[in-house]
Amino acid sequence: MDRSEACRELAVGIVNHIINHYSLFNEDMISYLMPVLVQRLGGDVVCHGNNKSVDPVMGPLGERMFDQVPGVRQVITRVVAAWLMKLPDRYSYFHRLLPLILTSLCDEMPDLAAEAWELWQNIGEQYLLENEKDLKDTMDFLTQPPSHYPPEVRRPNLGCRTLVQRNAGKIIPALANELGDWQVDVRLKASQLLCQLVLNAETHLTHHLEKLLVAMYRAVQDDDARVVENVEKAAKYLAHFVPPNVTLSLVLPAMEDGVTHGHLKVLAEILWGSEKSALVEELEGVVNFLQRHDVCWQQSELSQRYLQNCMLAILTVCEESVQPVSQQFFNVTFPGAALGDTAVRNTAEELLMRLGQTEGCEPPHLVYSRHAGSLFQDLQLSLDTWIFNSPQRSIFQTLVEKLVSYDTVGPYLGIISSLMVYLTATDKDPRVKLSVYTSLALLLNTKNSPLGSCDELDTFRVTVVQEAGQQSDKSSLNENIGLSSRLQTTWFGQAQTVGHISHLFCNVILPGLVWQAGRTAETVRTSAVACLWAALQDPVPPSMVRVTDMCLPLVLGLVEDSARKTRLLACRALRALVQLARSGGRLNADLMHQVFPAVIKRLDDINNDVRVAAVKTVVTLYTPLPPDYDVQCSSALVDALYTTMLVHLDDPDPVFQGIMLDALKDVSHIHPRLLWEKLNNSLGNFRNTKDCSELLDHIKSLRDTSAT
1 MDRSEACREL AVGIVNHIIN HYSLFNEDMI SYLMPVLVQR LGGDVVCHGN
51 NKSVDPVMGP LGERMFDQVP GVRQVITRVV AAWLMKLPDR YSYFHRLLPL
101 ILTSLCDEMP DLAAEAWELW QNIGEQYLLE NEKDLKDTMD FLTQPPSHYP
151 PEVRRPNLGC RTLVQRNAGK IIPALANELG DWQVDVRLKA SQLLCQLVLN
201 AETHLTHHLE KLLVAMYRAV QDDDARVVEN VEKAAKYLAH FVPPNVTLSL
251 VLPAMEDGVT HGHLKVLAEI LWGSEKSALV EELEGVVNFL QRHDVCWQQS
301 ELSQRYLQNC MLAILTVCEE SVQPVSQQFF NVTFPGAALG DTAVRNTAEE
351 LLMRLGQTEG CEPPHLVYSR HAGSLFQDLQ LSLDTWIFNS PQRSIFQTLV
401 EKLVSYDTVG PYLGIISSLM VYLTATDKDP RVKLSVYTSL ALLLNTKNSP
451 LGSCDELDTF RVTVVQEAGQ QSDKSSLNEN IGLSSRLQTT WFGQAQTVGH
501 ISHLFCNVIL PGLVWQAGRT AETVRTSAVA CLWAALQDPV PPSMVRVTDM
551 CLPLVLGLVE DSARKTRLLA CRALRALVQL ARSGGRLNAD LMHQVFPAVI
601 KRLDDINNDV RVAAVKTVVT LYTPLPPDYD VQCSSALVDA LYTTMLVHLD
651 DPDPVFQGIM LDALKDVSHI HPRLLWEKLN NSLGNFRNTK DCSELLDHIK
701 SLRDTSAT
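As numbered in the working numbering, residues 1 to 708 make up the sequence shown, in order.
Just to be clear, a hint being listed does not mean it is correct.
What the hints assert, rightly or not - Derived EDC-like pairs (lysine to aspartate or glutamate); straight-line CA-CA distance at most 20 Å:
1. Lys-690 with Asp-630
2. Lys-211 with Asp-181
3. Lys-700 with Glu-677
4. Lys-565 with Asp-604
5. Lys-133 with Asp-107
6. Lys-565 with Asp-605
7. Lys-616 with Glu-677
8. Lys-565 with Glu-522
9. Lys-601 with Asp-662
What the hints assert, rightly or not - Here are the computed distance ranges between Cβ atoms for each label pair:
10. Val-631 with Asn-680: 16 to 22 Å
11. Gly-180 with Arg-564: 55 to 61 Å
12. Gly-658 with Pro-624: 21 to 27 Å
13. Glu-301 with Gln-357: 23 to 29 Å
14. Asp-538 with Asp-662: 20 to 26 Å
15. Trp-117 with Gln-357: 41 to 47 Å
16. Gln-165 with Glu-256: 36 to 42 Å
17. Pro-56 with Glu-132: 31 to 37 Å
Note that these hints are calculated values from the structure, not bench results. Just so it is clear, CB atoms sit at the ideal spot from N, CA and C, and this is done for glycine as well.
Produce the complete structure using the sequences and hints provided.
Structure (structure tokens):
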């Protein structure tokens, strides 16, 4: 037997021998033995002494609960259990002893936790016997556990629950402080105690709920994952005992002054733990609060992730009962698809698909068509404050992308165009304009969908490229949004209705084509001309012919822009405008003379793609000739055309040589004799004699054909 064990046996023997007179020596013995043997001597020495010896021992005894040796914690658990059952005047010390035994129920060692559970049940049974008269009614009538009890959790007996319920008010203040302690071990023990306190106090925590929730908001953001897990578990347990109308009446007002991650995490667990019937009654209030812009439009990925956990809890618990608030659900969930990372966006998509299934949408993605109108209306309320980093900008762009990808954009073309008109006004953030043009290009490039042939898209195309220079009218915007919201259930084929409101929208593409200094303005021009080119793709509606005169001067200027991509897209758009003018009977000699000088210069461009686009534009311009084109009067321009093209027939790039050869064949019909003479006179200067001979043969065949 070692020395410490011998001292323990000696002290216990002395106490038992002089038990009737021990109180006279109790304090002196405790002061000598406490520093080294408190965990072994406490149970026997203190139990037989007066109550003054409890206070000095409690501090060192509690510290030993953090000991890394399981045997030490086991001894402390047994000592505390003995005190709770045998200590004189133990009722005065319940509030100090209960945290120790309750913490042992969550010990990391399963054997120790199981022993602590047995001891705790014995303590409760003894307390129940000692207070049988007071608890008689409860014992007789509350024999069955609550129907909504946490699954896979053992319920403590009535004595245990009553003991904790009567002392909870004294424990909670200290617990709340220790949840924010600077030591991780203390916070961990406090979070474990919190779980057991909730399971034992059950509904009697209502009076202390506000103070407890404040501590939980902070603790659930702890750096230690174990603390967070315990606090989340406690919040979920809490929802099983306290009805949601009580907890939500405290949680939601606490979020009024600012929503933190802690608020959202605790709220999510409360929603997960709530009973369906009780939560359904509070559902409207919850989702109405969560759809506030300062809550659901947060750009923090963590905030969106925790918010999605709230919505998943609502959808899982309430199931089909979520239908009456499906619009609010959509408004809360969709921003995650625009403001979060890839994981958050995928989760938002999954939630919305589940919402669509709950609502009976077939296919589920029709949920976007059903609910997008309300979100558009929310977005338009803050148009004046949009900047590039605004959440509204990301939400608008993503919503348009989703509607396009699911072929459900038709009913919203009017409201989308009105928002785009307002956002591309001259005084708006250039980066916002750029994002608008990106969305617009996506809309105009829609293929293999009803948009490709619907009347609404034709009207939309004309609307977004007409009447440059006008300022957007906010009152007109509001009028159109109201009308569009009434039309959102209408599908394609309502061209007259959309045409009635189309005159309200303007200034989307053309203002972006105007040259302005700066790199951002350069990018905006590129995006704007890309949208114009997309709007002019086949099939082009006949009503688009009237935009030719407005677009042409600006596009001709962009053909010489410093940005390579802008020049390339301008050449392509110019070719589309020429085709559109020809189909509408507007192409004449004057228009050709206006276009020719700008496009012929691009044959000398430093970028090969631009040169190829310019060649195609030249061919389109001169094939066929308009009725009023007089070749003799325009001989100087035709001569310049042939001269420039012949120079590039000898281009160093063999591929471009072939392109130019085909182009010369296409335009040789303008003045075959002039081309023959120019080529024949300079034949000796060409390295590319093979293509020259082929071109001469082609011209000869034309002359032979015309002669016959």
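Hints and how they fare:
1. Lys-690 with Asp-630: 32 Å, violated
2. Lys-211 with Asp-181: 16 Å, holds
3. Lys-700 with Glu-677: It holds: about 12 Å lies between the C-alpha atoms, which stays within 20 Å.
4. Lys-565 with Asp-604: Within the cut-off at roughly 16 Å; holds.
5. Lys-133 with Asp-107: Roughly 34 Å separates the two Cα atoms, so the pair is violated.
6. Lys-565 with Asp-605: With a Cα-Cα distance of about 12 Å, the restraint between Lys-565 and Asp-605 holds, given a limit of 20 Å.
7. Lys-616 with Glu-677: Violated. Lys-616 to Glu-677 sits at ~24 Å, over the 20 Å cutoff.
8. Lys-565 with Glu-522: The given pair, whose Cα atoms are some 10 Å apart, holds under the 20 Å limit.
9. Lys-601 with Asp-662: 19 Å, holds
10. Val-631 with Asn-680: 16 to 22 Å: 19 Å, holds
11. Gly-180 with Arg-564: 55 to 61 Å: 59 Å, holds
12. Gly-658 with Pro-624: 21 to 27 Å: 23 Å, holds
13. Glu-301 with Gln-357: 23 to 29 Å: 26 Å, holds
14. Asp-538 with Asp-662: 20 to 26 Å: 22 Å, holds
15. Trp-117 with Gln-357: 41 to 47 Å: 43 Å, holds
16. Gln-165 with Glu-256: 36 to 42 Å: 31 Å, violated
17. Pro-56 with Glu-132: 31 to 37 Å: 34 Å, holds
Of the numbered hints stated above, those contradicted by the structure are hints 1, 5, 7 and 16, listed in ascending order.
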